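Protein chains in written order, with this note's numbering: chain A, 1 to 259; chain B, 1 to 685; chain C, 1 to 194; chain D, 1 to 409.
Hints are computed from structural coordinates only; laboratory data are not their basis.
Just so you know, these numbers come straight off a predicted model, no measurement behind them.
Take these hints with a grain of salt, some might be off.
Below, simulated PhoX-like cross-link-like pairs (lysine-lysine); rule was C-alpha separation at most 20 Å, straight line [said to hold, decoys possible]: (1) C:K172 x B:K27; (2) B:K27 x A:K133; (3) B:K684 x A:K235; (4) B:K476 x A:K60; (5) A:K167 x B:K684; (6) C:K116 x B:K475; (7) B:K27 x A:K137; (8) A:K235 x B:K257; (9) A:K133 x B:K590; (10) A:K137 x B:K311; (11) B:K298 x B:K326; (12) C:K50 x B:K27; (13) A:K133 x B:K109; (14) B:K475 x B:K603; (15) C:K116 x B:K27; (16) C:K172 x A:K137; (17) A:K59 x B:K240; (18) C:K172 x B:K476; (19) C:K105 x C:K89; (20) A:K167 x B:K53; (21) C:K151 x B:K476; (22) B:K240 x A:K44; (23) A:K167 x B:K109; (24) A:K60 x B:K311; (25) B:K590 x A:K60; (26) A:K60 x B:K124; (27) B:K475 x C:K105; (28) B:K47 x C:K89; (29) C:K168 x B:K51; (30) B:K51 x A:K59; (31) C:K105 x B:K47; (32) B:K475 x C:K50; (33) A:K137 x B:K109; (34) B:K316 x A:K137.
Counterexamples of contact, computed for chain D against chain B with all Cβ distances above 10 Å [as the list claims (entries may be wrong)]: (35) V45; (36) I117; (37) R118; (38) K261; (39) T278; (40) V300.
Even for Gly, the Cβ is constructed at its ideal location relative to N, Cα and C.
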Amino acid sequence: MKAKEFKVTWGMVIDLDKCTGCGACMTACQVENNIAPMVDASNKMRTLSWMLVYELSNKKSGAEAEVAYLPRPCMQCGNPACVPVCPVIATDKNEEGGIVSQVYPRCIGCRYCMAACPYHARYFNWEDPIFPKGMEKALSPNTSARPRGVVEKCNFCHTRFMQAKDKARQDGGDPEALADGAYMPACAEICPTGAISFGDVKNKEHKVFDLAQGKDAFRLLEKLGLNPQVYYVSKREWVRKLGDNYAATGKPGAAKKHS
Amino acid sequence: MGLDRRGFVKIVVGGVAGTLFTPVIWKSLDDVSIWSQNWPWIPRLNKGEVKAKAALSKLCPAGCAVKVKTVGGLPFAVAGNTANPMSKGGVCPVCAAGAQLMYSPARVKSPLKKVGEGKFEAIKWEDAEALLVEKLTALKGQNGKIAAINGDETGTAGEVISGLLAGLGNSGYYMMPGEKFVAEKGVKLMGGSGQPGFDIAGADLVLMIGADALDSWGATVANQKAFAATRPTGAAATAKFVYAGPVLNHTAAVSDKFLPVPPQATVAFALGLANLLINDGAVSSASDFSEYKALAAKYTAEEVEKATGLKAENMKELAAMIKAAKAPVVIAGASFGQGGGALDFVAGASLNVLLGRVGSGMTLLPSAPKAVAGVSASDKDAGSFLADVATGKAAPGALIVYEANPAYALPQADDMAKTLGNIAFKVSFSTYMDETAALCDLILPAPHPYERFDDALNPYGVAKSTYLAGKPVVKKPVMDCKDPVDVLLGAATKLGLSLGFDTYADVISAKAKALGADLDALTAGGIWTGDAKGGSLNLGASALAKAAVVKTDDKTLAVAPVSNLAFGTATLATPPANLLAIRETELVGKELLVQMNAATAKKAGVAEGAKVKLSAGKGELKARVHLNEGVAPGTVAVLLGFGRSAWDEYTKGKGDNVYKILTVSDEAGTGLKVWAGSTVTVAKV
Amino acid sequence: MDQKLQERWGEVMEEKKQCKGCGGALPFLIGFVAALIAGWVLFPNLLYSKKVQPIRFSHKIHQEQGMECASCHVFRDDGSYAGLPKNEKCQECHADVVGSDPAEKIYVEQYAQKDKEVPWLVYQYQPDNVFFSHKAHESFECKECHLEVGKMDTPPVYYENRLSGYSKQTMKMWQCERCHAENGVSNACHVCHK
Amino acid sequence: MDRALFPDGVERCSFGKFVLWMGFVTAFFLFGLYAMLLIFYKGIVVTGLDNYFGFGLWITFDLAVIALGAGAFFTGFLKYILKIDQLKNIINLTVIVGFICYSGAMLVLTMDIGQPIRAWFGYWHPNVHSMLTEVIFCITCYCLVLVIEFVPLVLEQKQLNKIPFLHHLAHNMHVNMALFAGIGAFLSTFHQGSLGGMYGVLIGRPYAFREGFFIWPWTFFLFVLSAVGCGPIFTVLCCTLMEKMTGRKLVDFKTKALMGKIAGTMLTVYIFFKILDTYAWANNYLPSIGMTFDQMFYGVVYGKWLMFTEIILCGLVPAIMLITPSIRNNPTLLYTAGILDCIGVSLNRYLFTVQSIAMPILPFDTWQVYAPNWAEWATSGMIVAYGVLVMSLSYRYLPVFPQERGLNR
């Protein structure tokens with residue numbers, strides 16, 4: 001399948017040197033997207049975490065020890081591994097902005113997309129969403145509640161994108177060319193250190209345009225050729241190295257695209 | 001001609017054929033699939049207009065100025081308030097979960113009266129208030145019979161409580177031991193007065209000794225914003241951050257340098273650094289400089305390495321960084337925001353004096369005018385008080401607990417809880433069924449921050465006098481609760497004493513007026529800031545001289561409680577929406593993982609995953625070991641906020657409570673109760 | 001074996017003869033027609049339950065006062081659509097009974113004054129998983145998608161599907177898709193789903 | 001007492017004994033049934049599957065049985081299209097085995113998906129780019145074909161066959177069987193391939209990803225070959241097992257050996273390309289994405305030994321054994337080779353399913369270990385029990401083995 005090109009490409013640039021790993025993004029994400037609280041949430045094998053903050057270590061000790069925190073939303077790959085495999089078109093990458101969709105009423109829960117995604121960005125609803133009595137009154141209007149048995153994932157808080165377009169229309173602006181900051185996912189909006197920047201990586205007006213091309217910018221598993229729309233930035237080489245696979249020889253493999 | 005088998009068959013066949021040309025099958029199939037896509041037991045979304053209302057979210061110790069998003073009037077999410085210069089649009093992980101906390105299963109739903117061990121019955125408000133008044137009337141006028149513990153450092157509610165007590169002829173008003181409390185003691189030891197503040201935004205080098213300034217110390221979000229401002233993505237950093245503490249925590253993770261310093265070695269580290277600076281030519285006009293110089297000289301590279309395990313070059317490198325900095329600031333504090341000795345503070349603060357940064361990097365806040373006439377801030381801490389109760393030195397007949405959880409969040413927690421239980425009448429003003437409330441004879445549910453008026457003056461750490469105030473976001477509380485201050489004011493009237501106010505709202509507007517702040521602007525999400533007074537401080541040499549020399553022994557390990565704001569605070573168990581933030585290296589099922597580095601583990605004879613028992617004093621804590629090279633030598637790091645015995649299914653019985661194994665000791669020289677750097681013995685089980 | 005077969009075959013022939021009576025295709029036709037009637041006439045009545053609006057709201061009267069659709073069904077500043085007005089809006093005129101219509105009296109006494117919102121039935125109900133922007137469809141006439149209630153003195157009956165719980169008028173996905181396709185608008189999933 | 005229902009001129013065990021045996025198997029079946037109902041009621045949260053292992057025992061089981069069931073289409077192809085008449089002695093059995101494997105696999109699949117009610121979406125909203133869509137189509141269609149192939153066998157049951165209509169029906173179906181065999185061969189080839197393709201296209205899973213020809217990754221062809229390389233011999237093993245249990249000769253050894261030869265030939269072709277493919281993957285593809293062969297394996301659970309067992313011990317060895325007449329014609333060795341062959345192919349399916357998703361792709365991630373829980377085992381066991389039941393009934397009442405009378409005279 002040939003990867004589709006878009007005029008607008010929503011992308012994230014996450015500054016790993018600024019992320020303290022406080023977890024506010026995970027909370028904001030869970031709230032925005034109506035993910036029911038999980039009793040045993042430290043067991044990451046059964047949780048729903050559209051946004052998950054990984055802890056990276058340089059494996060040294062004492063005064064040399066360093067850790068970095070890596071927030072992992074859905075990469076919204078330009079050449080997604082998950083979309084072509086879905087047997088029922090419950091997910092597509094078809095809309096201006098290049099956000100990979102996931103439609104819960106269509107998904108049959110075969111989990112083939114989960115097997116396909118190397119970022120573990122896709123999650124399966126093991127159980128029906130059970131909110132403590134009364135807490136359903138605090139449901140966000142932006143994401144429909146999912147039944148058990150379907151797969152879901154981060155969609156850059158897509159409803160906020162739609163709302164931003166409506167706002168633009170209301171104010172007589174161009175919904176297809178939103179201003180920088182007009183559309184912000186919950187995680188980017190709430191991050192107390194502003195480690196997460198968001199915008200159109202193809203639009204010079206948006207600050208992510210330059211950030212994504214910075215010399216310290218990199219993407220996860222670039223060599224697999226999935227062409228993610230999420231970029232990371234770190235001045236620490238060991239962190240950048242952990243962003244992609246390197247052969248035991250230490251030499252990076254030839255940047256080879258498969259599509 | 002009757003209808004025989006064959007004819008019947010024909011009719012049926014015709015019927016089936018005909019049905020295929022009707023919508024019956026196809027429409028039903030379609031509708032059933034639609035039904036399967038909207039199962040009736042899946043919750044439906046709320047409809048209506050989406051608004052964002054300014055609120056003061058005092059869920060975290062400092063309080064976040066936030067915008068609460070509502071749909072059809074119901075809060076559902078939290079966004080930062082970009083207009084507020086303190087939080088600048090940032091939100092801490094606890095306040096981010098605020099909307100869901102309104103419906104937390106742990107909330108106290110109505111006034112409760114104890115009717116036996118762990119059994120409560122719901123009662124009406126008038127009965128509850130009557131009961132409170134009755135008990136207080138009985139003890140009115142007998143000093144020492146009525147006591148109050150306040151866990152809210154910043155709210156004006158404290159003034160009302162102490163005012164009430166004073167009115168009842170009692171002086172037993174105690175604060176939960178926070179860092180502010182210790183720091184003010186430290187400032188006194190340095191010949192000054194007032195609450196110290198630290199100007200992170202204005203510094204080009206920030207040395208944090210113990211203080212977890214970017215996750216849980218002081219005005220966290222403001223600190224994070226100040227840090228972020230010096231770290232423009234894709235450009236050069238404009239300030240350096242160094243963290244010296246027992247654990248490679250969230251603050252250390254983003255700092256330019258992390259220096260592992262065991263909790264009990266803070267003084268040695270600071271004075272060792274002072275020594276290097278002085279040798280580099282640093283001088284101070286402070287009266288006790290020569291004394292200080294002589295003292296620091298004792299902390300040679302070898303001494304420091306012995307106490308901290310830090311190599312000489314690490315210290316040299318740091319000294320050089322400080323020397324190169326134009327506006328350095330040193331922040332000293334316990335790594336978990338309390339229990340630190342005043343000397344730990346003095347040692348760190350003295351570096352600011354030495355570097356001539358008092359009044360700029362480190363400030364002193366003037367004491368603010370009071371709203372309630374004739375009350376003074378308390379300098380007595382709940383820990384010492386309960387210790388006295390235990391030993392019979394104090395014998396209160398009634399105890400009022402406001403926004404505090406002493407049964408959980410004081411050293412040797414189990415003892416504290418026992419002592420607490422022995423007090424005849426205990427009333428807790430609490431939003432949630434916490435460990436202390438569960439012990440009380442009367443629980444008066446307090447509103448959630450979105451349901452109440454509240455304010456925050458000078459959250460610890462701010463460089464300038466700062467005042468925030470908030471008003472309710474929702475029309476009426478979702479539970480049958482009343483504002484504690486309103487209740488107390490009502491009680492006061494019934495007890496025949498007037499504090500000059502009927503409601504907390506009145507108190508707050510009086511406070512605002514006293515400060516010269518515009519209340520409407522504040523409740524709209526604004527802020528009031530006054531200026532900081534400089535004031536001269538000495539180096540606290542005479543106090544530091546008494547600092548106990550660190551004793552190292554092989555049988556025990558220093559325990560470093562690690563605070564992670566997302567996991568909640570002393571007065572708030574992990575919010576349901578934050579459970580995801582707990583890592584599999586921190587909690588497995590119901591087992592807490594304590595962290596130590598490989599060398600320490602080897603010394604203690606334990607390995608990764610080993611079941612261990614940490615014990616000190618009468619307390620013990622069960623956990624598993626997780627090896628973490630980010631922990632200082634000879635130290636075991638334990639996460640705070642676990643081992644809850646009340647609250648809800650999401651937190652109850654998960655992990656173990658580190659407070660249980662913290663032991664109180666009297667600080668040499670100051671006589672202050674300290675428990676940072678207390679030691680534990682580790683045993684395999 | 002062959003013998004047996006012969007006999008069976010004979011019986012079969014017998015039956016055929018007897019059956020001449022019950023006229024070839026007639027029964028088939030009877031069944032066929034019966035099914036058609038059941039399917040097209042009875043079934044719809046069974047499938048939908050009829051409901052009436054809590055208040056006999058007359059769009060006609062309001063229009064005669066010179067009101068536009070947009071005077072009550074408004075866009076908010078953020079571009080979202082308010083849909084059916086809330087008491088707040090209605091009370092601008094109906095804080096107290098102003099007319100003679102009994103329906104108004106009911107509204108004022110049972111809802112407005114009790115500060116209770118009217119549980120209007122929405123003919124174009126869409127489920128939670130649909131995101132529909134009225135703003136994006138502003139250029140269309142309301143009646144192109146909605147029942148033309150403007151001239152009605154009595155709101156039409158509300159038909160609720162017993163299986164899916166949707167309104168009979170709820171627009172189906174294929175209708176949305178067709179219109180999008182005809183107007184060259186994207187049919188990507190997230191254009192309409194959330 | 002049920003003697004009247006037996007095929008003409010054959011002996012069967014006593015009814016009591018038969019009931020006992022059926023009861024024994026039914027017990028397993030019912031336990032599995034309980035697990036299945038529990039899964040439909042509570043969802044697959046009751047299984048051992050998790051966020052890392054969306055695929056597990058069930059998918060492995062499906063792929064394995066579908067491969068082993070390949071005897072049906074391939075033998076059918078040889079018998080009806082290539083007219084290798086000797087295969088008529090075993091063709092019925094291959095059909096029954098195929099039918100059991102495919103119907104069983106489909107049942108497992110409906111359990112495996114999170115929303116069984118929406119299983120039909122595969123037809124209603126197909127995504128033509130997805131190998132899985134092709135699998136859903138072909139498997140269901142081919143299962144129908146197998147039913148059609150199975151029906152005449154049922155109709156030939158002594159009593160049923162007395163009804164002339166059914167008799168003629170069966171006869172006519174037999175006459176046109178070549179057509180169905182053709183369709184079956186076509187469908188099967190494709191979904192066997194698509195099952196391989198499913199993994200081959202996983203660009204994010206270096207262990208499984210393969211380049212290929214046009215839209216088909218190499219795994220597409222390898223899966224077809226491996227299936228036909230084990231299907232026929234699996235039927236032989238089933239037959240032999242039945243002979244051992246019933247104590248009656250059912251198919252002459254010549255036919256079995258022929259099946260062995262067929263499987264062996266295909267297996268040899270397969271293993272040749274499999275080795276080429278593995279070599280190219282390790283030396284070409286992996287370096288191109290900066291990974292090494294060693295990174296693909298971990299400890300014992302995911303050790304290299306698995307791959308060597310699959311390719312050498314259970315691939316190359318049986319291949320050689322089966323194409324060498326002297327070895328093939330020795331019953332014991334033939335069956336040993338057959339068993340190795342089947343293990344090898346099943347192991348191949350396991351590795352593609354589990355190892356490829358157990359491997360950490362994110363450099364800061366770690367290997368995860370997967371263990372199926374009782375619910376998965378029970379339900380898989382239910383399918384096996386179901387197969388045994390169908391097979392037992394067929395053997396007792398249907399004329400499955402044309403040679404049986406002769407061989408046991």
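Quick rundown of the hints versus the structure:
1. C:K172 x B:K27: Answer holds: C:K172 to B:K27 is near 12 Å, not above 20 Å.
2. B:K27 x A:K133: violated (36 Å)
3. B:K684 x A:K235: violated (42 Å)
4. B:K476 x A:K60: The given pair, whose Cα atoms are some 54 Å apart, is violated under the 20 Å limit.
5. A:K167 x B:K684: Measuring from Cα to Cα gives roughly 62 Å; hence the hint is violated.
6. C:K116 x B:K475: Within the cut-off at roughly 15 Å; holds.
7. B:K27 x A:K137: violated (34 Å)
8. A:K235 x B:K257: holds (14 Å)
9. A:K133 x B:K590: The hint is violated at about 24 Å.
10. A:K137 x B:K311: violated (56 Å)
11. B:K298 x B:K326: violated (28 Å)
12. C:K50 x B:K27: holds (18 Å)
13. A:K133 x B:K109: holds (12 Å)
14. B:K475 x B:K603: At roughly 59 Å apart (the allowed maximum being 20 Å), B:K603 and B:K475 break the hint.
15. C:K116 x B:K27: Status violated; Cα separation ~37 Å.
16. C:K172 x A:K137: violated (28 Å)
17. A:K59 x B:K240: Given that 20 Å is the threshold and the Cα spacing comes to 23 Å, the pair is violated.
18. C:K172 x B:K476: violated (40 Å)
19. C:K105 x C:K89: Since the Cα atoms of C:K105 and C:K89 sit roughly 17 Å apart, the hinted pair holds (cutoff 20 Å).
20. A:K167 x B:K53: With Cα atoms ~19 Å apart, A:K167 and B:K53 stay inside 20 Å; holds.
21. C:K151 x B:K476: Status violated; Cα separation ~41 Å.
22. B:K240 x A:K44: It is violated: about 35 Å lies between the C-alpha atoms, which goes past 20 Å.
23. A:K167 x B:K109: violated (40 Å)
24. A:K60 x B:K311: holds (16 Å)
25. B:K590 x A:K60: At roughly 29 Å apart (the allowed maximum being 20 Å), A:K60 and B:K590 break the hint.
26. A:K60 x B:K124: violated (60 Å)
27. B:K475 x C:K105: Judged against 20 Å, a Cα distance of about 28 Å means the pair is violated.
28. B:K47 x C:K89: Holds - the C-alpha atoms of C:K89 and B:K47 are around 17 Å apart, at most 20 Å.
29. C:K168 x B:K51: With a Cα-Cα distance of about 32 Å, the restraint between C:K168 and B:K51 is violated, given a limit of 20 Å.
30. B:K51 x A:K59: violated (47 Å)
31. C:K105 x B:K47: violated (27 Å)
32. B:K475 x C:K50: violated (36 Å)
33. A:K137 x B:K109: The hint holds at about 16 Å.
34. B:K316 x A:K137: violated (57 Å)
35. V45: Label holds. Min Cβ-Cβ 16 Å, cutoff 10 Å.
36. I117: violated (5 Å)
37. R118: Given that some Cβ of chain B is not farther than 10 Å from that of D:R118, nearest at about 7 Å, it is violated.
38. K261: D:K261 is indeed farther than 10 Å from all Cβ atoms of chain B, at 49 Å.
39. T278: Per Cβ check, D:T278 is outside 10 Å of chain B; nearest 34 Å; holds.
40. V300: holds (19 Å)
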